[in-house]
Amino acid sequence: MTDEHWSLIRFLREDFKEKGETATTRRVQAAGGVPTKRQFELFPKKPAKKMAYIAGLPKPHGCV
Amino acid sequence: MPAKNNAPIVPNFGDDEETGRKLAIICSKGNLDMAYPGLILANAALGEGVETHIFFTFWGFDMIAKKRMNDLKFSPTGNTAMHMPIGDVRVPQALAPMPGMQAVATKMLKKQIADLGVPEIPDFLDQIVGAGGHLWACRMSADMNKYTETDLRDDVEGIISASDFIEKTEGAQLLFI
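Note that the protein sequences, when read in sequence, are chains D and V.
Letter 30 of the first sequence, counting from 1, is numbered 35 in the working numbering, and no numbers are missing.
Letter 164 of the second sequence, counting from 1, is numbered 165 in the working numbering, and no numbers are missing.
Chain V on its own, in the form it takes in the complex:
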């Protein structure tokens, strides 16, 4: 007589357990290369059912400002880790500030990212909001740039201060990028 198997056939996806896991990602960089890590992680967290908040501050504001978000750039200046695609040679820092380098580097990076099927920043943020992510803007950066709600993406939920942010992220895991 075979033993009775009581194992559940449907795996437990953890839906019923309200683990209450919350993740808050602070995006403070405006270069094209550093705009991605925060969003990729936010997207992954949302895909795992984690409540995710993204807080844009300082240079990260460029990612959500309507006038700047389609125009993020990348430069090898100060990035000693940038390598040429041919061979594995580093881009010498002396070459980095030369005229045209920023445009070339930006174009190269955009192509590498597109080849992986990763969307551009505005579309990526659309997907993140569609998946339930919350976008917030930093009060201080807004004041510094003299921006108001209308200058930012429509799906940014609000311009909040640092203390509001600390309140919102009670019990959350924090990531600073």
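Next comes chain D alone, as it looks inside the complex:
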């Protein structure tokens, strides 16, 4: 995993601390600044699940 991967994981953890729930794909794009397309490139097929697992967070509950 590269720095880019880790910066996403860090974002997820920070956001979870703030919001109390795991960021959805859309939130990672809007608040985290990483476009959906790139998320799918970095964590193929199931980015939301994979990132949440690596970050040690529950999988996101939101629909978008």
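Worth flagging that the hints you see were computed from the coordinates, not collected in a lab.
This one's a predicted model, so the numbers in the text were calculated from it and none came from an experiment.
Take these hints with a grain of salt, some might be off.
[Said to hold, decoys possible] So, partial list: chain V residues that the calculated Cβ filter (under 8 Å) puts toward chain D:
{"id": "1", "residue": "P38"}
{"id": "2", "residue": "I41"}
{"id": "3", "residue": "E49"}
{"id": "4", "residue": "G88"}
{"id": "5", "residue": "A115"}
{"id": "6", "residue": "G118"}
{"id": "7", "residue": "V119"}
{"id": "8", "residue": "P123"}
{"id": "9", "residue": "Y148"}
{"id": "10", "residue": "T151"}
[Said to hold, decoys possible] Straight-line distance between alpha carbons at most 27 Å, and here's what the computed DSSO-like set of lysine-lysine pairs gives:
{"id": "11", "chain 1": "V", "residue 1": "K169", "chain 2": "V", "residue 2": "K147"}
{"id": "12", "chain 1": "D", "residue 1": "K54", "chain 2": "V", "residue 2": "K30"}
{"id": "13", "chain 1": "D", "residue 1": "K50", "chain 2": "V", "residue 2": "K169"}
{"id": "14", "chain 1": "V", "residue 1": "K30", "chain 2": "V", "residue 2": "K169"}
{"id": "15", "chain 1": "D", "residue 1": "K22", "chain 2": "D", "residue 2": "K54"}
{"id": "16", "chain 1": "V", "residue 1": "K68", "chain 2": "D", "residue 2": "K51"}
{"id": "17", "chain 1": "V", "residue 1": "K23", "chain 2": "D", "residue 2": "K64"}
{"id": "18", "chain 1": "D", "residue 1": "K24", "chain 2": "V", "residue 2": "K169"}
{"id": "19", "chain 1": "D", "residue 1": "K42", "chain 2": "V", "residue 2": "K108"}
{"id": "20", "chain 1": "V", "residue 1": "K169", "chain 2": "D", "residue 2": "K51"}
{"id": "21", "chain 1": "D", "residue 1": "K42", "chain 2": "V", "residue 2": "K23"}
{"id": "22", "chain 1": "V", "residue 1": "K112", "chain 2": "D", "residue 2": "K24"}
[Claimed, not checked] Computed footprint of chain V on chain D, listed as stretches where at least three residues anywhere in the stretch have a Cβ under 8 Å from a Cβ of chain V:
{"id": "23", "region": "28-39"}
{"id": "24", "region": "54-66"}
Just so you know, even glycine gets a beta-carbon here, dropped at the ideal spot from N, CA and C.
Please arrange chain V on chain D, whose structure you already have, making use of the hints.
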């Protein structure tokens, strides 16, 4: 002596299994409320690594036509399930066609959807395409509306006929909305 634990530490995300699951969603409605279910499911399927195709036909064309996609409306007419936010009272059908009701209902719906963090239809479709979704347009509806590729979103992959659609969705799960 503790027993040797052979369980894998990393869970299996199912990446290597080519289940080949395919989902095709036919979006045939042009009202704002019915534009969402297909897209929400498509987005969820893509997030689970399922190959997803969305086929826009009939009124669903409004969701991908450049001139109409920012302007989808909603009316309580014919929707007996629409309830007022105050109390749980249904909107009486007699009130539904009154002037201004459509605008009020559309505005209310848009606000409820935005409050949930769900994007507007054009942005939502951007996200779906970014996640690897495929968008297709119906040949017959294009002919009916006299539309060509230039009238539609740039990321619509093509205008195809019903038989093309049947070919493309071989082995796929179909959803008609």
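Right, here's what the structure says about each hint:
The interface hint given for P38 (chain V) is broken, as the beta carbon of that residue sits about 11 Å from the closest beta carbon of chain D, more than 8 Å. Proximity of I41 (chain V) to chain D holds as hinted, the smallest CB-CB distance being about 5 Å (cut-off 8 Å). At a threshold of 8 Å, the smallest CB-CB gap from E49 (chain V) to chain D is about 6 Å, leaving the interface hint in force. Here the hint on G88 (chain V) is broken, as its CB sits about 27 Å from the closest CB of chain D, past 8 Å.
Annotation: interface hint on A115 (chain V) violated; nearest CB of chain D at approximately 11 Å, more than 8 Å. The beta carbon of G118 (chain V) comes within 6 Å of a beta carbon in chain D, closer than 8 Å, and the hint placing it at the interface holds. For V119 (chain V), the interface hint holds, since its Cβ comes within 8 Å of a Cβ in chain D; the closest pair sits about 5 Å apart. Against a cut-off of 8 Å between C-beta atoms, the interface hint on P123 (chain V) is violated, since the closest Cβ of chain D lies about 14 Å away.
Annotation: Y148 (chain V) was flagged as interfacial toward chain D, and the flag is violated, the nearest CB pair being 27 Å apart, outside 8 Å. Because the closest C-beta pair between T151 (chain V) and chain D is about 24 Å apart, greater than 8 Å, the hint is violated. Between K169 (chain V) and K147 (chain V) the CA atoms are separated by roughly 24 Å; this keeps the pair inside 27 Å, and the hint holds. Distance hint between K54 (chain D) and K30 (chain V) is unfulfilled; the C-alpha atoms sit about 31 Å from each other, more than 27 Å.
Annotation: proposed proximity of K50 (chain D) to K169 (chain V) holds, straight-line Cα distance about 21 Å (limit 27 Å). A C-alpha spacing of about 22 Å is found between K30 (chain V) and K169 (chain V), which places the hinted pair at or below 27 Å, so the restraint holds. At most 27 Å may separate the alpha-carbon atoms for a hinted pair to count; K22 (chain D) and K54 (chain D) meet this at roughly 18 Å. Distance check on the hinted pair: K68 (chain V) and K51 (chain D) sit about 34 Å apart at the alpha-carbon level, beyond 27 Å; violated.
In summary, the hint linking K23 (chain V) to K64 (chain D) is supported, as the alpha carbons are separated by about 23 Å, within the 27 Å threshold. Of the pairs offered as hints, the one joining K24 (chain D) and K169 (chain V) is violated, with about 42 Å between alpha carbons and a cut-off of 27 Å exceeded. At most 27 Å may separate the alpha-carbon atoms for a hinted pair to count; K42 (chain D) and K108 (chain V) exceed this at roughly 30 Å. Under the criterion of a C-alpha separation no larger than 27 Å, the hint pairing K169 (chain V) with K51 (chain D) is consistent with the structure, at around 23 Å.
Distance hint between K42 (chain D) and K23 (chain V) is fulfilled; the C-alpha atoms sit about 19 Å from each other, no more than 27 Å. Pair hint K112 (chain V) plus K24 (chain D) holds up; C-alpha atoms about 22 Å apart against a cutoff of 27 Å. For the region 28-39 of chain D, the assignment as covered by chain V holds, since 5 residues bring a beta-carbon within under 8 Å of that chain's beta-carbons and 3 suffice. Counting residues of the region 54-66 of chain D whose C-beta lies closer than 8 Å to any C-beta of chain V gives 3; at least three are required, and the coverage claim holds.
The structure fails to meet hints 1, 4, 5, 8, 9, 10, 12, 16, 18 and 19 from the earlier list, while all remaining hints are met.
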